[in-house]
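Q: Given next are the chains, with one letter for each unit.
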Amino acid sequence: MQFSGFRVIKEALTGHKGWKPLWRNPDPQPSYDYIIVGGGGHGLATAWNLARTFGAKRIAVLEKGWLGSGNIGRNTTIIRSNYMLPGNEPFYELSMKLWERMEQDLNFNAMVSQRGILNLAHTDAQRDAFRRRGNAMRFAGADSELLDQDGVRAMYPWLNFDNARFPIKGGLLQRRGGTARHDGVAWGYARAADRLGVDIIQNCEVTGFRIENGRLRGVETSRGFIGAGKVGVAVAGSSGRVMAKAGLRLPIESHVLQAFVSEGLKPVVDGVITFGAGHFYVSQSDKGGLVFGGDIDGYNSYAQRGNLPVIEDVIEGGMALMPAIGRARLLRAWGGIMDMSMDGSPIIDRTPIEGLYLNAGWCYGGFKATPASGLCFAHLLATDRPHETARFLRLDRFARGLVIDEKGMGAQPNLH
Amino acid sequence: MLIPHPLLGLRDAQEFTYLGDAALLNRPDGMAEGAAEAFFDYAYLRDNPAGPHRELWFHEQGDRSWLVVTRDTVTHEILGAELARDVALAAKGGAQ
Numbered sequence: 001m002q003f004s005g006f007r008v009i010k011e012a013l014t015g016h017k018g019w020k021p022l023w024r025n026p027d028p029q030p031s032y033d034y035i036i037v038g039g040g041g042h043g044l045a046t047a048w049n050l051a052r053t054f055g056a057k058r059i060a061v062l063e064k065g066w067l068g069s070g071n072i073g074r075n076t077t078i079i080r081s082n083y084m085l086p087g088n089e090p091f092y093e094l095s096m097k098l099w100e101r102m103e104q105d106l107n108f109n110a111m112v113s114q115r116g117i118l119n120l121a122h123t124d125a126q127r128d129a130f131r132r133r134g135n136a137m138r139f140a141g142a143d144s145e146l147l148d149q150d151g152v153r154a155m156y157p158w159l160n161f162d163n164a165r166f167p168i169k170g171g172l173l174q175r176r177g178g179t180a181r182h183d184g185v186a187w188g189y190a191r192a193a194d195r196l197g198v199d200i201i202q203n204c205e206v207t208g209f210r211i212e213n214g215r216l217r218g219v220e221t222s223r224g225f226i227g228a229g230k231v232g233v234a235v236a237g238s239s240g241r242v243m244a245k246a247g248l249r250l251p252i253e254s255h256v257l258q259a260f261v262s263e264g265l266k267p268v269v270d271g272v273i274t275f276g277a278g279h280f281y282v283s284q285s286d287k288g289g290l291v292f293g294g295d296i297d298g299y300n301s302y303a304q305r306g307n308l309p310v311i312e313d314v315i316e317g318g319m320a321l322m323p324a325i326g327r328a329r330l331l332r333a334w335g336g337i338m339d340m341s342m343d344g345s346p347i348i349d350r351t352p353i354e355g356l357y358l359n360a361g362w363c364y365g366g367f368k369a370t371p372a373s374g375l376c377f378a379h380l381l382a383t384d385r386p387h388e389t390a391r392f393l394r395l396d397r398f399a400r401g402l403v404i405d406e407k408g409m410g411a412q413p414n415l416h
Numbered sequence: 001m002l003i004p005h006p007l008l009g010l011r012d013a014q015e016f017t018y019l020g021d022a023a024l025l026n027r028p029d030g031m032a033e034g035a036a037e038a039f040f041d042y043a044y045l046r047d048n049p050a051g052p053h054r055e056l057w058f059h060e061q062g063d064r065s066w067l068v069v070t071r072d073t074v075t076h077e078i079l080g081a082e083l084a085r086d087v088a089l090a091a092k093g094g095a096q
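The listed protein sequences derive, respectively, from chains C and U.
With the UniProt record's numbering applied, the first sequence covers 1 to 416.
With the UniProt record's numbering applied, the second sequence covers 1 to 96.
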């Protein structure tokens, strides 16, 4: 079933009786060439790229819950490529380019909206750092603009410019950044992968790995053993506990990050604003809710819910930046579990076990990486070589002293 | 969350800062054979369990003691707290 304007009009005129489920719900086969563990954005994008870009057959995606029930359904939908380091910026810019054509590639409306992302600067030093970051972005082919205070005022005159502690001095703007409909991303990849013959198997939890002489043979699941040529694990948030079943310890702690949405309001924030000094960021959904978040709760958690002190902290950050938010009511709060890696950067690599591959450590930046993560992980699975733009995202970089320390804060996940 | 401080009773977790796995108390010997690998393991690798987790909390806004808190990472339930000093001394072979 191909989506098109014609199709929408036809269905509208015939009572919407022709729509079909977006993907099948098959039972697992005894074995596959490729098994992707994790039916989130990265897992589904990987499966789709394996089938579409690398022509692989016999692919399954195993999801322990229902499709999209993890972080792809629990984020704040922001897409951007405003990184700085050589190991990161080209990767996220590749992702940004893939976002720009994703809806055509998938034939699915994921509501990709390049409404711009603005990082506010509050000190001369921060402005200098943003100038440097903006230049690094341009070196990697991304777009960036440095705004002075008047430039920010022209966009968002209602921001609290004269905050005693964090007066707004300017900002770094990436106009190609923006948001996408997070569930739509999962559904789009799932549908496109399913159309290429990928089996998406929901409610199928991986409970163990069958390893013989250092070679992976398949996975034990809640629905029985499934043989596999290669297994890619993309279970952000649960990477630690899933890989422990294969006997591996990772440079990762799992932490909870909360996010919030207000009641629906008239349009006020047309882009994405980040207030790094107070750690608050906000955008407005197409339904009108202010979508915002801040810091992680700061201790290991698998709870998929947070605690009240961080809610208070985030709201304080919001009040400092945009006092008008105090009149809005909070509609929902939720928590997602993040792989906090020890340098704040992700891992796409082989593991010491032959046939077992890892995609992990996205910290709280996994959503924007979805398309490039899928492409690079599929490249690794299909060819056994890292993709050109993901060649720095190695598992052994900590042992070799090649960490990608984007924020320069050291090996402590609670500082990212 | 409330942390049952062994000396001060129940204290709000907001008074504390978090360091991570209590295994960090066991710092490797830098002069020993294989120290580089031991320090890689110590600095970067984590068990990261889903369930009871022994971890270090610093009572920064209180008496500035370090605690080893046992907490369930799935439910956030706190199962116990000891002074990190006592834990470290016990590991070295009993009280001073």
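Keep in mind the hints are simulated off the structure, nothing from the lab.
Heads up, a few of these hints could be off.
As the list claims (entries may be wrong) - One side of the interface only, derived from the structure: several residues of chain U facing chain C at Cβ under 7 angstroms:
1. Q14
2. Y18
3. H53
4. Q61
Positions of the beta carbon are idealized from the N, C-alpha and C atoms, including for glycine.
Q: Once the shortest beta carbon distance from H53 of chain U to chain C is found, is it less than 7 angstroms?
A: Interface hint status for H53 of chain U: holds (6 angstroms vs cutoff 7 angstroms).
Q: Given Q14 of chain U as an interface hint, is its Cβ closer than 7 angstroms to any Cβ of chain C?
A: For Q14 of chain U, the interface hint holds, since the closest Cβ of chain C sits about 5 angstroms away, which is under 7 angstroms.
Q: Does the CB of Y18 of chain U sit less than 7 angstroms away from some CB of chain C?
A: holds (5 angstroms)
Q: Hint check: is the beta carbon of Q61 of chain U less than 7 angstroms from a beta carbon of chain C?
A: At 12 angstroms from the nearest chain C Cβ, Q61 of chain U fails the 7 angstroms test, so the hint is violated.
Going down the numbered hints, you'll see the structure goes against just number 4.
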